[in-house]
Amino acid sequence: MPISTVSFQANALAEMEALDSALSQTQSELSTGLKLQNASDNPVAMVEVNQLNAALSGSQQQVTNGNAVTSALQLEQNSLTNATNALQSARDLAVEGNNTDLTLSDRQALAAQLQQLQQTLLSAANSQDANGDYLFGGTANTAPPFVQTGSSVSYQGSGQVNQVQIGPDQSVSVGDTGSSVFMNLAAGNGTFTTSVGSGNTGNASIDPGSVTDPAAWVPDVYTLTFSSATQYQVTNSAGTVVGAGSYTSGNAISFNGAQVTVSGTPAAGDTFTIAPAGKASVFSTLSGLITTLNSSTLSNAQITTQIGGAIGQIDTALNNLDNVQAAVGGRLNAVTAAGSSAQTSQTNLQTSISQLSNVDYAQAVTQLSSQELALQAAQESYASIAHLSLFNYLS
Amino acid sequence: MADLLNTSVSGLLAFQQALDVTSNNIANSATPGYSVETANLVPEPGQATAAGYVGSGVEVDGITRAYDELLAQQVRSSQASYSSLNTLATQASQVDNLLSSSSSGLTSSLQSFVNALQTLSSSPDSSGARQALLSEAQALTQQLTGYDGQITQYGGQLEQQIGTDVTQINSLAGGIASLNTQIANDLAGSGNAPNQLMDQRDTLLDQLSQYVSVSTATQPNGMLDVYIGSGQALVTGGTPQQLSTIPSLYNASVLDIGLASGGGTADVTSEISGGDLGGLLSARSQVLDPAQNALGQISVALATIVNQQQASGMDATGAAGQPMFNVGGVQTLGASTNTGSATLAVTRTDISALTSDDYTLRYQGGAWTLEDATTGQSIAMTGNGTSANPFQAAGLSIVVSGTPGAGDSFLLQPTATATAGLSVALTNPSQIAAASLAQTAAGADNTGNGTISAATITNPSSWVPDTYTLAFTSASQYQVTNSGGALVASGIYSAGQPITFNGAAVTVSGAPAAGDTFTVTPSTAADAGDNTNVVALMNALGANTLNGGTTSLSGAANDLVAQIGTVTQQAQSSATAEQSVNQDAATARSNLSGVNLDQQAAQMLQFEQAYQAMAQMIQTSSQTFNSLITAITDG
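Heads up: the protein sequence lines correspond to chains A and B, in order. This note's numbering applies: residue 1 is where the first sequence begins, and numbers increase by one. This note's numbering applies: residue 1 is where the second sequence begins, and numbers increase by one.
Okay, chain B solo, but in the shape it has when bound:
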């Protein structure tokens, strides 16, 4: 009888606890991160009797939460991937929106500039056409500097966002560390897992995986060690490691990521991936920096081509043309760890060899070496770095002065700051050099039918202004003499092939007769109606002058639009795919750990019935006892 009572009471208590757990589950059915808990009902040990072992009831052995480590890891890793791609897509999409516009984008502005040149070629001495060209130059400059300024702004916002993310990560790490301590204490103290605290810790880990990729290792004492990125320790037991932003090696306004370890701060930027932070770092190196460099390459090409052509021509006042554009120079940054006193003077020499990469110049083992900062590939240099014999590589000329320390290095950015320094240098429309520096004419007494083209000055620095006579000693032999009679060029005549001398080039077509002459004379202000230099400039702008002679100026602009568009498109579609993976993982985890109200309702019914039955049993036990007492008292 006592056993009957005890068994029944044990049942009542157990079912009451089970109902408590069920009620808690229902109350938390909408709580994010809550794992459904189950009361473990185990039978009490049996009592030995003559008839055999009789069970002595039921007890709640413990309360387990439904949790699977693998499912949780899948959720976090897909969350980190998705956050990273989503951030990359958002950042890239900003630049994509900026550059995408077929009606008013960069290629459209370049075409407007060329159109203004075409109008000028129809009436080179028209001040209206000249002014229109200067206005187009201004518009083009403003568009380029506008894009560059916007990208710089996005970069600044990105650096701020990095700082915010690092703060968030530190706060989450601190929370995880203190939960670790609490969980370990509770586990050691009661021997039971503190389910609610562990749920909280899991929630913090989920949030952390939004910022950076996360992996964990469980300690026997219930603590969880947290690693981020490629395996950098962020939380060790109850101690969080401080994540910080540190100035990058070459540029203090560019932030790198530092992690406290072993008493110092290690630069872990290259080890960080995944999450919003990983996405921001990717966006900086895959979208913003390359875009700015590519814009710079376009600005440099525009300014160089136009300025060179100005120098080959004569403006409306009769003077040689002055540069039309100012453009920013090469940016050189010394590493903050440099010990020596070396300084560099770097200029661009060849726009065809210029790329949109940055370069690192290093002094090691007594020699200077150059490598591509993006790919790490080493680049061969000619020369010895003195001003008489500068280092030449990648379209740059480098002069080194001062004394470098061993291991010193410099970051060379040939195009990054070019656009910021782009401006129109000419103020007066008369300064546009529309005419060539030399005029041609056929001799008055020619008997053949040879015709001479306009003269172009292909090399302004070797052009010697003088009256030159191109004489055909026979139908196939020519000679060029200057005004003093000295021979400056001669050769076999081939129709349509350029004849060059002293920096000038002319082409003769048709069949000149022996004795025919042509003259090349310096242009004067009276020749302001000549459009030769305008035509030459249009040809130069349309020619493939970039990337080793494979790309034109508008080609480079389109390449930039396509590159950013492709990065954006890929990031967007990868993000969508990863989001779906993340949703599936979250659903799988939620199906295991989440509350199903129907299931809880059924359990509630079950325990309620059992409780009622148990209460009946207690009454029965009381009745049997009363019967016994009544029987003894009566008898």
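One chain only, chain A, in its complex shape:
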């Protein structure tokens, strides 16, 4: 089949050009290190790389979030520790004050120390972070959440805390509301409070009591009346008698699943009240204690009873602080776990991205040398046959 001279040259040239451009593509891949430069190189892979990069960036951001949350939680732990220490000291002072041999000025000295501790508690509750935001204000964190007017402290913060994302499907609270840490504590023993009747003439005091059978306990206002120094009766708010018996100092008096202990010598007609517990805060507990210790008009029985109740409330508060500390510790652990899980997944993501978009140097270099060889062969063979012509032999 005849081949025109022009087409022979054109075809040889076209083939060399094709080899040239393949060679230059391989060279470009080697110098950029990327085999995936445009979506047209591999649309599916490009989309996957985009998604992986976005996930990688998101994971790095979540770790950053985790670091911020960790700082906040660690500051919160410090404040909680300070508050716990102050409350513990207050409890010690309260125990010390529960001594009928103390004079009024002794008790007033204790009250003054308690006053200081209350201020310590207040400043712990109003702790701020490095940005000036208040740790215990919830979402209303730009102003101090605890405000003191006179001897009472109220909570001005909000009732919700922010959630921050620390992992792909994981969010964590960045703090606790002041109300859940320092306010809204159950008064008395947690279920009921006990108090000495104001007109009592005997010297008996009553302890905070406890609930022995939660199923049998009926929330109501009960009155414990001593008809004589040795006989008592417990009536509910409707006047029904729910318990009665003979009295021995220090023995438990039980009724409706509850139990209280009266110590000392009651006079005939003395009453004691057992009422459902309301809510108290650590501040109102200390304020009440301070008032009791400063009082010159309360009887010893009343002082003993009220200090006993205050100690019970302080225990409730200390318990609550413990629970909050534990929860904060749990959250810090969650952040740490999320962080190391993020490390692993980030490494995996980077490996996948690299596999999809980075050039395999061994393969590319091999391809480069084989393409070079092909181009060389094409050029040499063309050079050796291009000048062949019958005209060379005509003389």
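Calculated from the structure, these hints are not laboratory results. Every value quoted in this text rests on a predicted model; they were computed, and no experiment measured them. Careful: at least some of the hints might be erroneous.
[Unchecked claim] Selected chain A positions facing chain B (Cβ under 7 Å, derived; list incomplete): (1) S40; (2) P43; (3) N141.
[Stated by the list, open to error] Here are some chain A residues the structure puts well away from chain B; computed CB gaps all over 12 Å: (4) D20; (5) N50; (6) Q60; (7) Q62; (8) Q108; (9) G199; (10) Q233; (11) T336; (12) S384.
[Unchecked claim] If you anchor each label on the Cβ, the simulated ranges turn out as follows: (13) B/P465 <-> A/G257: 26 to 36 Å; (14) A/L34 <-> B/N384: 53 to 63 Å; (15) B/Q623 <-> A/H387: 41 to 51 Å; (16) B/N449 <-> A/G257: 19 to 29 Å; (17) B/T343 <-> A/S341: 55 to 65 Å; (18) A/E17 <-> B/T347: 49 to 59 Å; (19) B/G329 <-> A/Q363: 43 to 53 Å; (20) A/G257 <-> B/A513: 12 to 22 Å; (21) B/A577 <-> A/T347: 36 to 46 Å; (22) B/S261 <-> A/N358: 50 to 60 Å.
Where is the CB? At the ideal position from N, CA and C, for every residue including glycine.
Following the hints, position chain B against chain A.
Using the frame of chain A, we list chain B on its own:
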């Protein structure tokens, strides 16, 4: 003897002509489009003699060029296909380069925006974090508008290129027409085919096939009628038809192709295919327009989602959030042939139902109908087009006013101009609505262990700011009352299920006891530390809000990259395949019509030898005559 001489002379003349043809072939061996010519040697008629018929020499009957119509057609059709695909690949590759970059592309910018939201969620009242978010919003806007601007620029260049191609086609058509006239004259005058002119005409046809697909029909008088595209007559005999660019029906800056016929100009855009012109028209409808619409869809989604979330939240000053983004509206274009006075007001109502297609609204037979401009599929509309009851379809609301003429139509482009109008509307970082419009709290005396989530305002227009009390009348029944005591919601409690009332939604988990209460109160500026709305925005941006609830915002961005990448890849590989077909066809044609120097050299030798032999023969004839004369004179 006379015969001997005449025969020899005829041989000399014939071989001389044959050598001329060979020499011309060698001279044109590198000329593109040259068809190798062969002198047809035919024997002169024989003379009758007593001994039989004696041949009287040789003559050159004609000079034929080696040409095959089928091979030429194959070259032109593969050239037209290759040019078209190559142009499409080049145009698509421009957009592909623009969008492809995994480290700084659209999905990366969207992720940076979300990252800035994450940082803000850690410290919502930090002015630094707020400013960073606004900066990311600006960066994202600039990237989107940058892409859109580039695509618009490519579109402008494409329209210019269409104009240039049309001019070229007209010039080639004019050349072919005048060659037609010349060839017909020469053929009629001499009876011989004017090979060189026909080669020239073939070259012009080859060039024409680079611009548009070409087919031909040969006339008996030697003229060639030329048809382009699906069979539109471009050259009829010696008359070229004028190809022109005309403004398209709805948009004067978009050029359509017109062909002069029957005294007027017919719109032949849909009949044009193949060649650079066909490739440009394909690129416009398959790459540039869809890409711009898809970008617009992304811009609309971004602006709508963010703005809606801003309205559901409270900014740092205590006011409800204002829109963060401005975005371009729906573009409506009336046909240039419209006779009526109807005007349309079209707004987008549902980003989930929004597509990246354009729509045509037509008034025919007294009723308005809607169809998809790309597929031609008709779309059902609800409503009657008044402002009280607008037409609703495809995520759009259409209000018609004025009086339409019969057959009037409008092109609706829901997303094409959205990106061009994208900008950040907020100037002050305090305007970012990070907090929710309402705050929740658990009642101080609750005895159960139920916990309440943050409140989100799911419907800002039906939110009534008030203090609401969510009370559990039992462990499984709840009631929501407002500050006046009126009941606004009640139901069976199911942990983790949203409780909604007056445009707000809260979730309670755990086990609340009978008598437990929770409050929902309007946020004040003191609640600037709340990040609820930031979290809600991140959720909304990541949710599948587009395409009927199947695609997220970043999903749509990736879909665009993949779509353009695939079109580019397919066009590139098809172009390469077609180029190889074209090369094979060109080689086949060249092997038939091209000059092979070895062949010409051999022929040259052959004719040279024959010429020399013939010259010898003349000498012999002269010698025999001399012998005869000498014999007569001597004897």
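Now the hints, each set against the structure:
no. : hint                          : in the structure
1   : S40                           : 4 Å, holds
2   : P43                           : 4 Å, holds
3   : N141                          : 4 Å, holds
4   : D20                           : 15 Å, holds
5   : N50                           : 4 Å, violated
6   : Q60                           : 8 Å, violated
7   : Q62                           : 7 Å, violated
8   : Q108                          : 32 Å, holds
9   : G199                          : 31 Å, holds
10  : Q233                          : 30 Å, holds
11  : T336                          : 17 Å, holds
12  : S384                          : 16 Å, holds
13  : B/P465 <-> A/G257: 26 to 36 Å : 46 Å, violated
14  : A/L34 <-> B/N384: 53 to 63 Å  : 57 Å, holds
15  : B/Q623 <-> A/H387: 41 to 51 Å : 45 Å, holds
16  : B/N449 <-> A/G257: 19 to 29 Å : 22 Å, holds
17  : B/T343 <-> A/S341: 55 to 65 Å : 59 Å, holds
18  : A/E17 <-> B/T347: 49 to 59 Å  : 55 Å, holds
19  : B/G329 <-> A/Q363: 43 to 53 Å : 52 Å, holds
20  : A/G257 <-> B/A513: 12 to 22 Å : 19 Å, holds
21  : B/A577 <-> A/T347: 36 to 46 Å : 41 Å, holds
22  : B/S261 <-> A/N358: 50 to 60 Å : 58 Å, holds
Checked against the numbered hints above, the structure violates hints 5, 6, 7, 13; every other hint is satisfied.
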